[in-house]
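Asker: Here are the chains, one letter per residue:
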Amino acid sequence: MNASPRFAAGATVRVKDDWPERRGPCHIRTPHYIRGRTGKVVRPLGAFPNPEDLAFARPAPERHLYHVLFEQPPIWNEGRPGDTVMVEVFEHWLEEA
Amino acid sequence: MAAPPRAESLALLERLVAALEAKGIVTEAEIADRQANTDKASPETGARMVAKAWTDPAYRALLLSDGKAAAEMMGVSMAGAPPLGVLEDTATRHHLVVCTLCSCYPRALLGYPPNWYKSFAYRSRAVREPRAVLAEWGTMLPDSVEIRVVDSTADFRWMVLPMRPAGTEGWDEARLASIVTRDALVGVALPKA
Amino acid sequence: MPDDHTPAIHDLGGLPRFHCTPVEHDEVPPDAFGKKVDALRQVLAQKKLMTVDELRRGIESIPEGEYFALGYYERWLRSIATLMVEKGHVAKEVLE
Chain P
1 MNASPRFAAG ATVRVKDDWP ERRGPCHIRT PHYIRGRTGK VVRPLGAFPN
51 PEDLAFARPA PERHLYHVLF EQPPIWNEGR PGDTVMVEVF EHWLEEA
Chain U
1 MAAPPRAESL ALLERLVAAL EAKGIVTEAE IADRQANTDK ASPETGARMV
51 AKAWTDPAYR ALLLSDGKAA AEMMGVSMAG APPLGVLEDT ATRHHLVVCT
101 LCSCYPRALL GYPPNWYKSF AYRSRAVREP RAVLAEWGTM LPDSVEIRVV
151 DSTADFRWMV LPMRPAGTEG WDEARLASIV TRDALVGVAL PKA
Chain R
1 MPDDHTPAIH DLGGLPRFHC TPVEHDEVPP DAFGKKVDAL RQVLAQKKLM
51 TVDELRRGIE SIPEGEYFAL GYYERWLRSI ATLMVEKGHV AKEVLE
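Protein chains in written order, with my numbering: chain P, 1 to 97; chain U, 1 to 193; chain R, 1 to 96.
A portion of the hints provided could be inaccurate.
What the hints assert, rightly or not - From chain R, some residues computed to sit far from chain P (all C-beta separations above 12 Å):
1. Phe33
2. Gly65
3. Tyr67
4. Leu70
5. Ala91
6. Lys92
7. Glu93
What the hints assert, rightly or not - Result set (DSS-like, lysine-lysine): computed pairs, CA atoms no more than 25 Å apart in a straight line:
8. U:Lys68 <-> R:Lys47
9. R:Lys35 <-> U:Lys40
10. R:Lys92 <-> U:Lys23
11. P:Lys40 <-> P:Lys16
12. U:Lys118 <-> U:Lys68
13. U:Lys40 <-> R:Lys48
14. R:Lys87 <-> U:Lys23
15. U:Lys40 <-> U:Lys118
16. R:Lys35 <-> U:Lys118
17. U:Lys40 <-> U:Lys68
18. R:Lys35 <-> R:Lys87
19. U:Lys23 <-> R:Lys35
20. R:Lys47 <-> R:Lys92
21. R:Lys48 <-> R:Lys35
22. R:Lys48 <-> R:Lys87
23. U:Lys192 <-> U:Lys52
24. R:Lys47 <-> R:Lys35
25. U:Lys52 <-> U:Lys40
26. U:Lys23 <-> R:Lys47
27. R:Lys47 <-> U:Lys40
28. U:Lys68 <-> R:Lys48
29. R:Lys48 <-> U:Lys23
30. R:Lys47 <-> R:Lys87
31. R:Lys92 <-> R:Lys48
Claimed, not checked - Not everything, but these chain U residues come out facing chain P in the computed CB check (under 8 Å):
32. Pro130
33. Val149
34. Phe156
Everything labelled a hint here was simulated from the structure, so no lab data went into it. Remember, it's a predicted structure, so these values are computed and weren't measured experimentally. For each residue, glycine too, the CB sits at the ideal point set by N, CA and C.
Build the full structure now, drawing on both the sequences and the hints.
Answerer: Shown next, in the form of structure tokens:
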């Protein structure tokens, strides 16, 4: 992985509203509850071999990983405003928002 | 409580290990060695790291920037272990670690994850109703404190650096470490003087 | 949640089915069976015969009824055994 991370700390990003598990066997590390949600990059965490490939013993190119922060209440329609959830998300799941 | 493994699972393990051994892939001795090694890890390591961070600002800075290096400094071999991220609690922010997808846990520092950490109830609820889950541990936080749930989904493993409680002034590292429980390192409890 | 957005079996975050289930503060350490499965997985990973990602993929493909009925390390074992067969390291008969 030579390219630098596409997103910097503070960037607003949207998690792709994609459901590969509906299309067939797969292994993904993006939990369902953040798909389609908008969050803020806390910081890039480095680049790691893509688990979606590792899970099938395929060659696994590295992907940038980010800590992304989300507000809890919009996700669940409950909870205390200001409470948050921070999730490790790979770059190919993120788009500019 | 977790049910004991069923007879067919015990038999499957036996058949699998025998088949792997017959092929020269693994030996019972290698498995036993690995287990002995895994058994050695315990939350005391994480507790010592927190106690040192409470008393030594340079170590605290290292712990927060490179958890793996900070663990190595305490004599823990982190070779092959995933990167360790450390989450700093403040007067206005409390961290709670969960893995909703499986059971990712900083095993090199805390040992085997407890059954509750792996339970379906914890994995589903911690991320949605963290205050209700914390209350089950007797941990009540004021509304002025943000609860930041950390869903451990990928390559890092996460440990909480809790705040040093009042009333511990003048304590040495060993005494401080004694109040840092595994639950505090996951974020379900707070250290108490 | 619409049908086409039903999360996969292991993707448990926020699921209403566990909403009122208290977290049982179970502190019982792994038994001999669990520790051995755990160690076996580590040995196989060290020997580059499987990754933790493959282990997870195998666990996630356990049918729902069994996923919730099996114990934690029973799910691991099921996945490891299936992988070892899939990769040709042991014969299929080992699973039967």
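Asker: Each hint: holds or not?
Answerer: These are the hints, each one checked on the structure:
{"no.": "1", "hint": "Phe33", "verdict": "25 Å, holds"}
{"no.": "2", "hint": "Gly65", "verdict": "18 Å, holds"}
{"no.": "3", "hint": "Tyr67", "verdict": "14 Å, holds"}
{"no.": "4", "hint": "Leu70", "verdict": "19 Å, holds"}
{"no.": "5", "hint": "Ala91", "verdict": "20 Å, holds"}
{"no.": "6", "hint": "Lys92", "verdict": "18 Å, holds"}
{"no.": "7", "hint": "Glu93", "verdict": "23 Å, holds"}
{"no.": "8", "hint": "U:Lys68 <-> R:Lys47", "verdict": "23 Å, holds"}
{"no.": "9", "hint": "R:Lys35 <-> U:Lys40", "verdict": "12 Å, holds"}
{"no.": "10", "hint": "R:Lys92 <-> U:Lys23", "verdict": "14 Å, holds"}
{"no.": "11", "hint": "P:Lys40 <-> P:Lys16", "verdict": "14 Å, holds"}
{"no.": "12", "hint": "U:Lys118 <-> U:Lys68", "verdict": "24 Å, holds"}
{"no.": "13", "hint": "U:Lys40 <-> R:Lys48", "verdict": "23 Å, holds"}
{"no.": "14", "hint": "R:Lys87 <-> U:Lys23", "verdict": "13 Å, holds"}
{"no.": "15", "hint": "U:Lys40 <-> U:Lys118", "verdict": "20 Å, holds"}
{"no.": "16", "hint": "R:Lys35 <-> U:Lys118", "verdict": "15 Å, holds"}
{"no.": "17", "hint": "U:Lys40 <-> U:Lys68", "verdict": "18 Å, holds"}
{"no.": "18", "hint": "R:Lys35 <-> R:Lys87", "verdict": "24 Å, holds"}
{"no.": "19", "hint": "U:Lys23 <-> R:Lys35", "verdict": "22 Å, holds"}
{"no.": "20", "hint": "R:Lys47 <-> R:Lys92", "verdict": "21 Å, holds"}
{"no.": "21", "hint": "R:Lys48 <-> R:Lys35", "verdict": "20 Å, holds"}
{"no.": "22", "hint": "R:Lys48 <-> R:Lys87", "verdict": "12 Å, holds"}
{"no.": "23", "hint": "U:Lys192 <-> U:Lys52", "verdict": "17 Å, holds"}
{"no.": "24", "hint": "R:Lys47 <-> R:Lys35", "verdict": "18 Å, holds"}
{"no.": "25", "hint": "U:Lys52 <-> U:Lys40", "verdict": "21 Å, holds"}
{"no.": "26", "hint": "U:Lys23 <-> R:Lys47", "verdict": "14 Å, holds"}
{"no.": "27", "hint": "R:Lys47 <-> U:Lys40", "verdict": "21 Å, holds"}
{"no.": "28", "hint": "U:Lys68 <-> R:Lys48", "verdict": "23 Å, holds"}
{"no.": "29", "hint": "R:Lys48 <-> U:Lys23", "verdict": "16 Å, holds"}
{"no.": "30", "hint": "R:Lys47 <-> R:Lys87", "verdict": "14 Å, holds"}
{"no.": "31", "hint": "R:Lys92 <-> R:Lys48", "verdict": "21 Å, holds"}
{"no.": "32", "hint": "Pro130", "verdict": "7 Å, holds"}
{"no.": "33", "hint": "Val149", "verdict": "4 Å, holds"}
{"no.": "34", "hint": "Phe156", "verdict": "6 Å, holds"}
The structure meets every hint from the earlier list without exception.
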